[in-house]
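> Spelled out, the chains give:
There are 2 protein chains.
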Amino acid sequence: MKVIVTGATGFIGRQVVTSLQRCGHEVIGVGRSQINLFDPVAVDDFVAAQKPKGLIHLAWDTTPGVYWETPQNLRWTAGSLLLFESFARHGGRRAVVAGTSAEYQWGDNADLDESKTPLVADSLYGVSKNALHQILAFWAQGVDVSLAWGRIFCTFGPHEKEGRLIPKLIAQLQRGKEFRFDSGSLVRDFLYVEDLGAAFAALFESEVKGAVNLASGEALSIREIVTFLSESLRQSEKVRFDVLPDPVGQASRVVASINRLTTEVGWTPEISTRDRLGQTCSWWIDEMNK
Amino acid sequence: MKVIVTGATGFIGRQVVTSLQRCGHEVIGVGRSQINLFDPVAVDDFVAAQKPKGLIHLAWDTTPGVYWETPQNLRWTAGSLLLFESFARHGGRRAVVAGTSAEYQWGDNADLDESKTPLVADSLYGVSKNALHQILAFWAQGVDVSLAWGRIFCTFGPHEKEGRLIPKLIAQLQRGKEFRFDSGSLVRDFLYVEDLGAAFAALFESEVKGAVNLASGEALSIREIVTFLSESLRQSEKVRFDVLPDPVGQASRVVASINRLTTEVGWTPEISTRDRLGQTCSWWIDEMNK
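Chain order of the listed sequences is A and B. All the letters of the first sequence, read from the start, carry residue numbers 1 to 290 under UniProt numbering. All the letters of the second sequence, read from the start, carry residue numbers 1 to 290 under UniProt numbering.
It is possible that some hints are incorrect.
Computed beta-carbon distance windows for the label pairs [as the list claims (entries may be wrong)]:
(1) A:32 - B:2: 43 to 53 Å
(2) A:34 - B:180: 54 to 64 Å
(3) B:248 - A:182: 55 to 65 Å
Keep in mind the hints are simulated off the structure, nothing from the lab. For each residue, glycine too, the CB sits at the ideal point set by N, CA and C.
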């Protein structure tokens with residue numbers, strides 16, 4: 001099938017493209033340099049020329065620290081709506097969109113569940129993604145597009161932005177620097193980026209519609225992750241926990257139920273998060289030695 | 001204050017413009033011929049040139065029978081998001097948007113209430129408007145825009161589209177034609193369009209934020225309205241109820257709570273719906289005799 005992937009050159013997108021190609025699809029990757037998703041005429045011309053049957057829409061503002069509240073969320077929502085309207089009009093049939101764990105109400109300690117957890121987002125990013133999903137899910141029924149919505153949790157692995165926790169930790173410890181930290185008590189759900197790419201491809205290949213958590217379902221504290229990585233690098237004495245104040249207003253536990261992913265999509269990560277963290281460590285060390 | 005009104009030449013828009021002008025505002029009316037709201041560059045250029053402090057956004061697809069499910073709802077949602085992003089960036093401060101009773105879950109017989117009734121829409125139109133409101137309400141807090149959302153119920157009066165119930169009924173009875181009808185048992189909340197224009201202006205003038213029902217709060221059955229109009233025209237013997245089947249899947253009662261409008265905005269219709277129906281009848285008769 002001919003499939004357009006937006007955000008194809010990004011951290012997650014490059015893995016999605018690889019996984020789709022392994023499934024035998026003809027992938028048309030779209031990055032910032034190929035097409036401006038804020039230009040509805042250019043987007044419609046592109047979709048009209050390509051006439052893809054499939055679409056995986058990942059592109060969004062992901063500037064660390066900024067994307068949660070930037071007004072750019074309005075432009076990405078608008079651009080996404082126009083992209084889908086073009087996609088259906090030019091014969092599109094199957095689509096998957098990147099959603100986010102931030103669409104859920106965080107705060108109690110239960111696993112976040114597609115059918116049980118309330119959708120009460122606490123950020124413009126989460127509100128926008130959830131609103132986009134509501135519109136697209138209702139619209140898709142009327143235009144005969146099969147639409148699934150893959151909710152992403154925490155992601156790590158090769159090519160992650162260097163300012164983010166795991167690359168920053170590895171880089172500092174490799175340079176022999178001390179790493180000062182808070183208690184590290186927040187518990188999150190981490191999935192290796194290659195696995196996330198495979199999960200997106202599996203969701204696309206399935207006939208599942210609606211929201212599906214794309215996650216590991218493993219609960220790991222930041223402290224466990226930092227400890228594991230520092231031990232792998234034999235630098236655990238350089239990590240100082242409990243010297244910075246804990247962040248205020250952060251949910252203590254954000255972990256997915258992966259029941260839908262496992263039973264309906266039929267995909268589960270085969271390698272543990274710890275082993276994937278080890279691989280990630282090796283990748284960054286190779287990268288730094290280049 | 002300089003205020004842009006979109007949909008200014010429409011059935012509701014022309015009344016909103018008049019009411020705002022009475023409040024002393026400098027109104028920049030925008031209709032289809034002035035600006036294409038689907039062209040983000042043109043919209044941004046227009047807003048940058050005008051730099052309005054106020055915005056009342058009414059424009060949307062309202063083609064009778066079509067607007068509920070048309071994919072154009074995606075384009076109107078996108079255009080609205082981009083319009084607001086421009087509005088705030090160029091110094092906008094106070095905005096009111098046209099919402100709809102169709103954002104609410106219909107079906108039980110209680111008055112629809114802004115804080116109590118679940119927002120579970122059953123049409124692409126209702127879903128899109130509600131999703132747009134969720135995004136804009138969250139976004140507005142972060143960019144210091146004061147945003148209110150006026151939910152419209154049934155509207156009637158001068159310049160209504162001729163294919164709709166009240167103009168059609170009056171036209172047929174004036175020509176002495178029989179008017180065949182179902183039981184007319186559906187109960188709705190009707191507001192005269194001039195009053196709706198005044199309600200929009202009052203909401204704009206207030207400091208109220210969030211959703212407010214702009215309605216009469218009067219429960220009238222379609223049968224009562226048809227009977228009243230046919231009696232005004234002395235043609236009641238031409239109306240045949242119970243000869244057509246009742247529509248399937250329509251909520252039996254859609255009536256607003258106007259508590260927020262009355263107590264917080266401080267506006268209530270002064271003239272009864274029956275008197276406004278009489279005025280409407282006279283207006284159409286004059287119009288037909290022109």
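> None of the hints should be skipped; say for each whether it holds.
The hints, checked one at a time:
Range check, residue 32 of chain A to residue 2 of chain B: Cβ separation about 36 Å, and the 43 to 53 Å hint is violated. At about 58 Å, the beta-carbon gap between residue 34 of chain A and residue 180 of chain B stays in the expected band of 54 to 64 Å. Take residue 248 of chain B and residue 182 of chain A: their Cβ atoms lie about 60 Å apart, and the range 55 to 65 Å holds.
Figure legend: structure checked against the earlier numbered hints; the only hint not met is number 1.
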